[in-house]
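Peer 1: Sequence:
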Amino acid sequence: MMGMTSLHNTLTGWFIRVAAPRPSTRQSAQGRLLDAEELCMFHQALHTAYRVFANQHPEWTQRGFDASFLHEDAAALLMVYWAADGAAQPALTGMDLARVWERKYGMLLCGADRVTQVARLAGAANVLLTALNRRRSGG
Numbered sequence: 270m271m272g273m274t275s276l277h278n279t280l281t282g283w284f285i286r287v288a289a290p291r292p293s294t295r296q297s298a299q300g301r302l303l304d305a306e307e308l309c310m311f312h313q314a315l316h317t318a319y320r321v322f323a324n325q326h327p328e329w330t331q332r333g334f335d336a337s338f339l340h341e342d343a344a345a346l347l348m349v350y351w352a353a354d355g356a357a358q359p360a361l362t363g364m365d366l367a368r369v370w371e372r373k374y375g376m377l378l379c380g381a382d383r384v385t386q387v388a389r390l391a392g393a394a395n396v397l398l399t400a401l402n403r404r405r406s407g408g
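Under the numbering used here, the first residue of the sequence shown carries the number 270, and numbering increases by one thereafter.
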């Protein structure tokens, strides 16, 4: 069971991430603009990571976790993650991406089904992040 301090820190961190202003698709966490080459690298890496994800989890692409969702709804979150340097890199998990999907599509689900679907998507979204990390680190 999570202690009160731990719970407070988790909820505070989640609220700060959710409430933070969303950067444009060219802006990093530090507010600097990415140059054309960095932006191109990001989009190529995201495209490759999405292909890996779509091959392994086609059921989620049919439920809205598709290329347009990643380029529109999740782009700011992914761009901040991509643009940050080393230690300044924010932790990004499949659950973070699943919560973005939940805000858009979750109201179509109810109760336990909603929680179950978000948890399943979080696991699947980790495939996308793993592939994106490989590309980010030059692999």
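One thing to keep in mind: the hints can contain errors.
What the hints assert, rightly or not - Simulated DEER-style distance windows between Cβ atoms:
| # | residue 1 | residue 2 | range |
| --- | --- | --- | --- |
| 1 | A353 | V384 | 28 to 36 Å |
| 2 | H340 | N402 | 31 to 39 Å |
| 3 | Q325 | K373 | 27 to 35 Å |
| 4 | T385 | R405 | 24 to 32 Å |
| 5 | C309 | A353 | 24 to 32 Å |
| 6 | H340 | S406 | 40 to 48 Å |
| 7 | D382 | N324 | 36 to 44 Å |
| 8 | H312 | K373 | 20 to 28 Å |
| 9 | T385 | D335 | 17 to 25 Å |
Unchecked claim - Quick list of in silico lysine to any residue cross-link-like pairs, SDA-like style, CA-CA up to 25 Å:
| # | residue 1 | residue 2 |
| --- | --- | --- |
| 10 | K373 | R383 |
| 11 | K373 | E306 |
| 12 | K373 | T330 |
| 13 | K373 | S406 |
| 14 | K373 | H340 |
| 15 | K373 | L398 |
| 16 | K373 | A393 |
| 17 | K373 | T385 |
| 18 | K373 | A388 |
No wet-lab data here; the hints were simulated from the structure. The beta carbon of each residue, even a glycine, is placed where N, CA and C say it ideally should be.
Peer 1: Checking each numbered hint in turn, tell me which of them this model violates, lowest number first.
Peer 2: Checked against the structure, the hints that fail are numbers 2, 3, 5, 6, 7, 11, 13, while the rest are satisfied.
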